[in-house]
Structures are given as structure tokens and as C-alpha cells.
Amino acid sequence: MSSHNDQQDIWPEQPPSRKEMSRRQFLTYTLGGATAFMGAGTILPMVRFVVDPILHKKGAGDFIKVAEISKITEEPQEFTFELKQKDGWYDSTATLTAWIRKDAKGDIYALSPICKHLGCTVGWNNNKAHPDEYHCPCHGARYTKLGKNLEVAPKPLDQYKTKFDNGWVLLGDIVPNTVASEEA
Amino acid sequence: MFKNIYNWIDERLDVTPIWRDVADHEVPEHVNPAHHFSAFVYCFGGLTFFITVIQILSGMFLTMYYVPDIINAYASVEYLQSSVAFGQIVRGMHHWGASLVIVMMFLHTMRVFFTGSYKAPREMNWVVGMLIFFVMLGLGLTGYLLPWDNKAYFATKVTLEIANSVPVMGPVLKELMQGGTIVGAETLTRFFALHVFFLPAVLLSLLVGHFIMIRRQGISGPL
Numbered sequence: 001m002s003s004h005n006d007q008q009d010i011w012p013e014q015p016p017s018r019k020e021m022s023r024r025q026f027l028t029y030t031l032g033g034a035t036a037f038m039g040a041g042t043i044l045p046m047v048r049f050v051v052d053p054i055l056h057k058k059g060a061g062d063f064i065k066v067a068e069i070s071k072i073t074e075e076p077q078e079f080t081f082e083l084k085q086k087d088g089w090y091d092s093t094a095t096l097t098a099w100i101r102k103d104a105k106g107d108i109y110a111l112s113p114i115c116k117h118l119g120c121t122v123g124w125n126n127n128k129a130h131p132d133e134y135h136c137p138c139h140g141a142r143y144t145k146l147g148k149n150l151e152v153a154p155k156p157l158d159q160y161k162t163k164f165d166n167g168w169v170l171l172g173d174i175v176p177n178t179v180a181s182e183e184a
Numbered sequence: 001m002f003k004n005i006y007n008w009i010d011e012r013l014d015v016t017p018i019w020r021d022v023a024d025h026e027v028p029e030h031v032n033p034a035h036h037f038s039a040f041v042y043c044f045g046g047l048t049f050f051i052t053v054i055q056i057l058s059g060m061f062l063t064m065y066y067v068p069d070i071i072n073a074y075a076s077v078e079y080l081q082s083s084v085a086f087g088q089i090v091r092g093m094h095h096w097g098a099s100l101v102i103v104m105m106f107l108h109t110m111r112v113f114f115t116g117s118y119k120a121p122r123e124m125n126w127v128v129g130m131l132i133f134f135v136m137l138g139l140g141l142t143g144y145l146l147p148w149d150n151k152a153y154f155a156t157k158v159t160l161e162i163a164n165s166v167p168v169m170g171p172v173l174k175e176l177m178q179g180g181t182i183v184g185a186e187t188l189t190r191f192f193a194l195h196v197f198f199l200p201a202v203l204l205s206l207l208v209g210h211f212i213m214i215r216r217q218g219i220s221g222p223l
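Order-wise, the sequence lines are chains A and B.
The UniProt record's numbering applies: residue 1 is where the first sequence begins, and numbers increase by one.
The UniProt record's numbering applies: residue 1 is where the second sequence begins, and numbers increase by one.
Simulated from the structure, these hints should not be mistaken for lab results.
Note that the structure is a prediction, hence the values are computed from the model and not measured.
Where is the CB? At the ideal position from N, CA and C, for every residue including glycine.
Check before you lean on any hint, since a few could be wrong.
Calculated lysine-lysine pairs in the DSSO-like style (CA-CA distance at most 27 Å, straight line) [stated by the list, open to error]:
| id | chain 1 | residue 1 | chain 2 | residue 2 |
| --- | --- | --- | --- | --- |
| 1 | B | Lys174 | A | Lys84 |
| 2 | B | Lys174 | A | Lys155 |
| 3 | A | Lys58 | A | Lys86 |
| 4 | A | Lys65 | A | Lys145 |
| 5 | B | Lys157 | A | Lys58 |
| 6 | A | Lys84 | B | Lys119 |
| 7 | A | Lys57 | B | Lys151 |
| 8 | A | Lys84 | A | Lys163 |
| 9 | A | Lys161 | B | Lys174 |
| 10 | A | Lys86 | B | Lys3 |
| 11 | A | Lys145 | A | Lys58 |
| 12 | A | Lys57 | B | Lys157 |
| 13 | A | Lys145 | B | Lys157 |
| 14 | A | Lys155 | B | Lys119 |
| 15 | A | Lys145 | A | Lys57 |
| 16 | A | Lys161 | B | Lys157 |
| 17 | A | Lys86 | B | Lys119 |
| 18 | B | Lys3 | A | Lys58 |
| 19 | B | Lys3 | A | Lys84 |
| 20 | A | Lys58 | A | Lys102 |
| 21 | B | Lys157 | A | Lys86 |
| 22 | A | Lys65 | A | Lys128 |
| 23 | A | Lys71 | A | Lys128 |
| 24 | A | Lys155 | B | Lys157 |
Derived DEER-like restraints, expressed as beta-carbon distance ranges [to be verified]:
| id | chain 1 | residue 1 | chain 2 | residue 2 | range |
| --- | --- | --- | --- | --- | --- |
| 25 | A | Gly33 | B | Met169 | 31 to 37 Å |
| 26 | B | Leu107 | A | Arg24 | 31 to 37 Å |
| 27 | A | Leu150 | B | Leu131 | 38 to 44 Å |
| 28 | B | Leu131 | A | Ser22 | 37 to 43 Å |
| 29 | A | Ala34 | B | Leu137 | 22 to 28 Å |
| 30 | B | Gln88 | A | Gly167 | 55 to 61 Å |
From chain B, some residues computed to sit far from chain A (all C-beta separations above 12 Å) [claimed, not checked]:
| id | residue |
| --- | --- |
| 31 | Trp8 |
| 32 | Trp19 |
| 33 | Gln88 |
| 34 | Ile162 |
| 35 | Leu173 |
| 36 | Leu206 |
Just chain A, with the same shape it has in the complex (with noise of 0.2 Å):
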């Protein structure tokens, strides 16, 4: 006899192979399932919540009048002006400070005095032992009029968008500098 009938003997009404699941194997995936669908559904909401701030569409800024243009030098000088904003539930008002002077062909531009290292707030011709430059208090990082990082700061100080109105300088978004570049 061959082995094919002995098959035959023992389970004479097998089917055709065909794959089942167990009932264990099908417990397993339903309660699994059904463990992650609800796992999921805590968390989920949750993770949304947290990351909430950092979906906000960003509009672009508002321009704001901020200096004469017929008070601009070549010598920078410190400008400060106000914007709103929105804080969570807050309404209030930022002080912004900006260093604007114009370049011997006349072209304004406007420094953020922030420093580009860890964030403290530079100045202008502030440390005797370096005369004309940007210098960070901090950390002593030190640029030049246009801006470009000499020491300790990994980039240039970054400027405001520039726009001209009425013999007004206006200033918006903080963007990264464009002007350090020309100064090879």
C-alpha cells in the first residue's frame, strides 16, 4: 500500500489544503486589534494636543514704521518698535530692537541684535578693545557692520525685511542676512 492511501485511511474527509486560521491565532489578532484601536484612540488625541503650537500657520508679518529714512547714517543706530502678538491666550505687545544704517551706496538695511550664538542681545561698538563692531556680552562674540560672524557665533546676525514708504522705514519677518556676503 502506498503511503498516499494510508492518508486516506485516517482522515478520509480532509479537504484540498486549504490554510485556516486557529481559533487562538483568531483571538489573538482580534483582541490585539482591538487593543491597539483602543490604545491608539487614547493616545492619538493626545499627541495631536501636544504638538498643537507647532502646526500653527505662521502668517508673514506685519510691517511696521519704524525709523525716518532721512534720520538713517552710515554709522549704525539702535531703533526700537512694537508688535503684536499673540500669546496663547494673550494679546501683547513685543519690543523689538533694530540696528539700521545705510551702505556707502545709500542701501538701508536693518540687524536683528540677536546673537547668533546662543540668543543674548549684541551691541554696537560696545567693547573698547574691538571699535566699530557688533559684540555679544555673553559669550563675546563679535561681527562686523554687516553683520558677518568674526568670532564665536556659528552665522551672520540675521535682518529684518526692509520696505520704504513716505520717507519711513519699514520693517517685518526676521530673515536670515543677505548683506554679510557682499563683504568678502
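Let chain A serve as the given structure and place chain B on it in line with the hints.
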């Protein structure tokens, strides 16, 4: 009377083995300062835990007056410190304890390092200890902002600037911690939540792991 109460409970719940298992174990001679005074270096881990308990208790009481809101945070801290009886003491405990925890933890780490106690089979406990170290630093960082004074504000600005300098992830990480584009109302509530709920929860679970491991593996042998 207390003994009767204890016996009444013990008859029903058999609690004696539970606390025996936690508290009743021999301390080897080489870590007992009564035998060798120099063994006091083995106390720093326990001291870290003791101060951590003080931090948790004083912190719980501080939240009875503190408000994590940019308008009221500073005023509430000033009020609890200057107008509430023992406010200066309770805040002082939390303030100085915060520094002391770091000091004790550092000394404990040094002891473990110089006695070579981090070696096999205790490597996992060293790693958990390091995780505790980072959680403690996180607690210090988030707690520092809560008084919402100038020092707190600018220290946090600088810290977030450091987070910002992380390659690739930096700006997102900063904004996530900040809860927006500026250090403001949402930063304060975020740091408060991390400081009083999230980080302590992580800390306590790590501590449980730390202690279970030291009981399983025992204190490392003498040098």
C-alpha cells in the same frame, strides 16, 4: 493600641512579609559608616533619594499657592514667599534642595564610578542611573522657568537656543518645548506640566527600577 491595629490588619492581609522584603535586609560591613567611617561615601545615593522626597513634598505644597500663568506666576511666588507663614522655608527647601539633589547625585555617581560598581552584572543599573540624571536635569530646567522672573525667562531663552542648535531636529524641538514661536504663556504651562506631572512620573518609575535592581544584585563588594 497601634500594635493591636497592626495585628488586626496583619491577620487579614499578611503585610509583614511585604515590608520585611523592602526594609529588613543586612547592610554589608564595608558600606556601614559605623564600621569604617570612610564608608559614608556609600550614603550619597540614599541622600539623593531623601532630598528627592523632600523635593516632591515641598513641591506638592508649593502648588497650593503657585499659578502657572504669565500674569500671575511671579505674583503668586512673591505672595507665597513673603506673605504665607513659612513660605520662605518651604520655597527655600525646594530651591536649595534642587541644587543639593544635583550635588548628591553627582557624588553618588562618582562613588559608583570610582568603586567600579557599574561593572558587570550592574551595567543596566548604571544606565538607569544615567537616565535618572537626565530626568533630574530636565526637572531643574523646567522648574527654573516657573517663577517667571527675568533670570528664569532669559535662562530658558538660552536653553531653548541650545535645543535649537540640535542638528536637523533643532527648530522643531525648540518650538515643541516652547509651545509656539515665543517664550510665553504656553511655554510656562508646558514647563509646569512637565515639571509636576510628566518628569516626576518618569523619575519615579526609573527610581523603582533602580531600587529593584540594587536589591536583586546587592551592593557591590569591597574594593
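Verification of the supplied hints:
1. For the proposed pair Lys174/B and Lys84/A, the alpha carbon gap of about 22 Å is at most 27 Å, so the pair holds.
2. Using a Cα cut-off of 27 Å, the hinted pair Lys174/B and Lys155/A holds, with the two alpha carbons roughly 18 Å apart.
3. In summary, the hint linking Lys58/A to Lys86/A is supported, as the alpha carbons are separated by about 11 Å, within the 27 Å threshold.
4. Our distance criterion of 27 Å between C-alpha atoms is met by Lys65/A and Lys145/A, whose separation comes to about 23 Å.
5. A threshold of 27 Å between alpha carbons decides the hint, and for Lys157/B with Lys58/A the separation of about 20 Å falls inside it, so the pair holds.
6. With a C-alpha separation of about 57 Å, the suggested pairing of Lys84/A with Lys119/B is violated against the 27 Å cut-off.
7. Taking the CA atoms of Lys57/A and Lys151/B, the gap is near 31 Å; set against the 27 Å cutoff, the hint is violated.
8. A C-alpha spacing of about 18 Å is found between Lys84/A and Lys163/A, which places the hinted pair at or below 27 Å, so the restraint holds.
9. Restraint check for Lys161/A and Lys174/B: satisfied, since their Cα atoms lie roughly 23 Å apart, inside the 27 Å limit.
10. At most 27 Å may separate the alpha-carbon atoms for a hinted pair to count; Lys86/A and Lys3/B exceed this at roughly 62 Å.
11. As the CA atoms of Lys145/A and Lys58/A are separated by approximately 30 Å, the hinted pair breaks the 27 Å bound.
12. For a cut-off of 27 Å, the pair hint linking Lys57/A to Lys157/B stands: about 22 Å separates their Cα positions.
13. At roughly 25 Å between alpha-carbon atoms, Lys145/A and Lys157/B fall within 27 Å of each other, so this suggested pair holds.
14. The hinted pair formed by Lys155/A and Lys119/B fails the criterion: a straight-line CA distance of about 44 Å is larger than 27 Å.
15. As the CA atoms of Lys145/A and Lys57/A are separated by approximately 34 Å, the hinted pair breaks the 27 Å bound.
16. The straight-line distance between the Cα atoms of Lys161/A and Lys157/B is roughly 23 Å, inside the 27 Å bound, and the hint therefore holds.
17. Straight-line distance between C-alpha atoms of Lys86/A and Lys119/B comes to about 53 Å, which puts the hinted pair past the 27 Å bound.
18. This hinted pair does not check out: Lys3/B and Lys58/A have alpha carbons roughly 67 Å apart, beyond 27 Å.
19. With a C-alpha separation of about 68 Å, the suggested pair Lys3/B and Lys84/A falls outside the 27 Å cut-off, and the hint is violated.
20. Proposed proximity of Lys58/A and Lys102/A is contradicted: the alpha carbons are some 30 Å apart, above 27 Å.
21. Distance hint between Lys157/B and Lys86/A is fulfilled; the C-alpha atoms sit about 18 Å from each other, no more than 27 Å.
22. For the given pair, Lys65/A sits about 32 Å from Lys128/A by alpha-carbon distance, which is inconsistent with the 27 Å threshold.
23. A C-alpha spacing of about 26 Å is found between Lys71/A and Lys128/A, which places the hinted pair at or below 27 Å, so the restraint holds.
24. Taking the CA atoms of Lys155/A and Lys157/B, the gap is near 18 Å; set against the 27 Å cutoff, the hint holds.
25. Separated by about 33 Å at the C-beta atoms, Gly33/A and Met169/B satisfy the suggested range of 31 to 37 Å.
26. Between Leu107/B and Arg24/A the beta carbons are some 54 Å apart, a value that contradicts the proposed interval 31 to 37 Å.
27. Roughly 40 Å separates the CB atoms of Leu150/A and Leu131/B, a value that falls within the hinted 38 to 44 Å.
28. Take Leu131/B and Ser22/A: their Cβ atoms lie about 41 Å apart, and the range 37 to 43 Å holds.
29. Between Ala34/A and Leu137/B the CB atoms are about 40 Å apart, so this pair departs from the stated range of 22 to 28 Å.
30. Between Gln88/B and Gly167/A the Cβ separation comes to about 57 Å, which falls inside the hinted range of 55 to 61 Å.
31. With 12 Å as the threshold on Cβ separation, the claim that Trp8/B sits away from chain A holds: the shortest Cβ distance comes to roughly 41 Å.
32. Look at Trp19/B: its CB is around 35 Å from the nearest CB on chain A, clear of 12 Å, so calling it non-interface holds up.
33. Against chain A, the non-interface label of Gln88/B holds: every CB pair exceeds 12 Å, the least being about 30 Å.
34. Interface exclusion of Ile162/B from chain A breaks down, the closest Cβ pair being 7 Å apart, not more than 12 Å.
35. Its closest Cβ contact with chain A, about 10 Å, brings Leu173/B to no more than 12 Å, contrary to its assignment away from the interface.
36. With a cut of 12 Å on Cβ distances, Leu206/B stays outside the contact zone with chain A, its closest approach being about 21 Å.
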